[in-house]
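Novice: In case you want the letters, here they are:
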Amino acid sequence: MSAEAVGLTLYFVQIATLGAIYAVIALGLNVNWGFSGLMNAGIAGFVAIGAYTSAILTAPNGAGQLGAFGWPLWAAWLAAMGAAGVLALVMGTITVNLRSDYLAIATLGIAEILRLIVRNEDWLTGGPLGVTPLARPFESYGNPWAPVLFLLLLLAIVAVVYWLAERAIRSPWGRVQRALRENEAAAAAMGKDVRNFRLQSFVLGATFMGLGGAMLAHFSKYMSPDVVDPLTTTFLVWVMLIAGGSGNNRGAIIGAFLIWGIWAATDFLTAYLPSDVATRAAYLRLFLIGLALQIILIRRPEGLIGERPPRPADGR
Amino acid sequence: MFNRRFVMLSAVAAVAVMSGAPVGAQAQDVKIGAVLSVTGGLAPFAPAITAAARLAVDEINAAGGVLGGRRIALVEADDQTNPQVAQTVATRLVQVENVAAMVGPLTSSNVLAVSQAVTIPAGVPLVSPSATSPAISPLDDKDTVFRTVTPDGLQGRVLARTTRERGVTRVAAMVVNNDYGRGLQANFIAAFQEMGGTITSATNFEENRASYRAELATAAGSGNPEALLLIGYPASGGNTILRQALENGFFNRFVMTDGMRDGSVIQTIGPQNLANSFGTSGGSAAPAETLKKYQDAFRAKNPSLDPMGAFAPQMYDAVMTVALAIQKAGSTDRAAIAKALRDVANGPGEVVGPGDFAKARDAIAAGRKVNYDGASGPIEFDAAGDAAGAIDVWSVKGGAISVDATVLR
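Protein sequence lines, in the order shown, are assigned to chains A and B.
The opening position of the first sequence corresponds to residue 1 in the working numbering, with each subsequent residue numbered one higher.
The opening position of the second sequence corresponds to residue 1 in the working numbering, with each subsequent residue numbered one higher.
Please keep in mind that the hints were generated in silico from the structure rather than gathered at the bench.
Each hint should be verified, as a subset may be incorrect.
Stated by the list, open to error - Here are the simulated distance ranges between beta carbons:
1. A:Q294 / B:A190: 35 to 43 Å
2. A:S171 / B:A190: 54 to 62 Å
3. B:G69 / A:L286: 51 to 59 Å
Claimed, not checked - In silico SDA-like cross-links for lysine to any residue, where the CA-CA straight-line distance does not exceed 25 Å:
4. A:K192 / A:R285
5. B:K339 / B:S402
6. B:K142 / A:K192
7. B:K31 / A:T95
8. B:K31 / A:A3
9. B:K142 / A:N143
10. B:K142 / A:R285
Positions of the beta carbon are idealized from the N, C-alpha and C atoms, including for glycine.
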């Protein structure tokens, strides 16, 4: 391959890597919202706890934050999932029975509390200066193989998470979740333990988000509160799921790759505009992203690929 | 079917566009990448910084370019003030555009993310005009990460000394809760206490809140402070804090830093309310003569922007030192450019400055050693790649920001 082709490939690898990370987070949200109708507005909180757990457990030095535990990466990533799951369990025990919009407010509030803890408890997280440097798997292979191998690892993880989510939604457990979402009273009348099922969904989704956070930390090689900006780690994940197709695991993955691609990778287009327009192009681009989302919401409210549940008897 | 076709078409369109050349760029141009925060939290600073980078490139090209007549092409990218986006656009600049060197990103977080994940592995020299975090100095960067801005330590010390000299002994601190605010605050407090000052309270505030009255009331109510140290940005809370402090009579004297050195502060608050207040900023150590050359050139191209806007002179100098380093390296080889940066910026050597590009390039071409002293100061990179700089002490006079003194390291 020529140098240009290698460069272009590495650029697409970079975009796809973040796409894969967002795909895992979006799959987590799909478990919460797409399966069970749990309006989780605190995604950034679960991503952050996963990211910081893995960062602190693997960071080489303890300067400025808790650290020097020297955990291997796979163990730290499992711990990240565990930490996010435990947080969700505690949070969910208190809040999961709230109606969707109230749950959104509660999760948003808790994510905000976590963000403030992360910013202010310097002994634990390094505060605004963050945790650095973090290791990324396969780094020793150098360019161009290191990013490619890392992407392949993440794609494998996306595949596993997708498989788990598919298994979950197709199982009797998944049918109960959909029943709860559509008609909670009817599900309760059928003898389903509403609270328990909702809590299980909440924890499972949060576990995926925690894993996504750990992947994000090691991809960035650096963890600070800015990395888990709510704009990208909460709002954008919602956009991905809604645009891709809420309730559909494949939709969540496609939405993640597509929206991240549009969000981060359209900036090169400004280089092709005449220079007097180019100065304003950055603002125009954000406007166009908003416009595209409006069009999707109005023209295809079910997303690019909508949910494909078994057809109900009334043929709706 | 519509969807699949749509996705395919977009992909084809993207590839088609990417294989074409950007407007105005030519094959033999030497590309310098610029990662700028045009949107997001740092957006208010972007216009002046961008204009400074373009001014430097225009001057270089008008003077005949580098490496025997090759033009510099500035490839700009917007990082949305977000580390993930910064990594993505930086990868494009490094891998697709194949830039010889990079100026920016602007925030410390983005510099840490971009340098470790993108530019250090690829060996691309990176010069940030504005990342002031102390965490950047110890990076294992194979000597590729540089800054034309002075790290926060110097500004904190100068601000502490100025505050004591102006007769203030008890200060309440309110700082924006990020690496910039907290780092600068720590430096200020250490120096201020050493000089016999008292910090009556220290509060970190979050950006973009509707009200800061509670924090202000607490700060004003404990320890009888004489002034408020405010480290923040005008648009994301700074102006609100000033307004609410004045409205409620909590404070009438403010000690500020580079983040608040902005025309919008005077417009919003009114110059009469800032008569006693003062601040510092990463200033220019350049002699008046040198500085004037830069300012005149900047104003001629951008009449509505402030040539001394935060980090604009530093950006001008970043582009200039990179261009001179390319000339010194004799090629667009990234490692050679990184190696040459210190050589063209540090003394001894023939002193050159803003507007002297042709002279400097010809001196290098003739094998002489040059020492670039820029619009922001003498630009001497130390072992960590950090510039020794100068700090301006400023106050509001006659409805505008005026520089009272400039302190060199």
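Novice: Next, verify each hint and record whether it holds.
Specialist: Going down the list of hints, with the structure as the test:
{"no.": "1", "hint": "A:Q294 / B:A190: 35 to 43 Å", "in the structure": "violated, 51 Å"}
{"no.": "2", "hint": "A:S171 / B:A190: 54 to 62 Å", "in the structure": "holds, 60 Å"}
{"no.": "3", "hint": "B:G69 / A:L286: 51 to 59 Å", "in the structure": "violated, 39 Å"}
{"no.": "4", "hint": "A:K192 / A:R285", "in the structure": "violated, 48 Å"}
{"no.": "5", "hint": "B:K339 / B:S402", "in the structure": "violated, 38 Å"}
{"no.": "6", "hint": "B:K142 / A:K192", "in the structure": "violated, 61 Å"}
{"no.": "7", "hint": "B:K31 / A:T95", "in the structure": "violated, 54 Å"}
{"no.": "8", "hint": "B:K31 / A:A3", "in the structure": "holds, 16 Å"}
{"no.": "9", "hint": "B:K142 / A:N143", "in the structure": "holds, 16 Å"}
{"no.": "10", "hint": "B:K142 / A:R285", "in the structure": "violated, 36 Å"}
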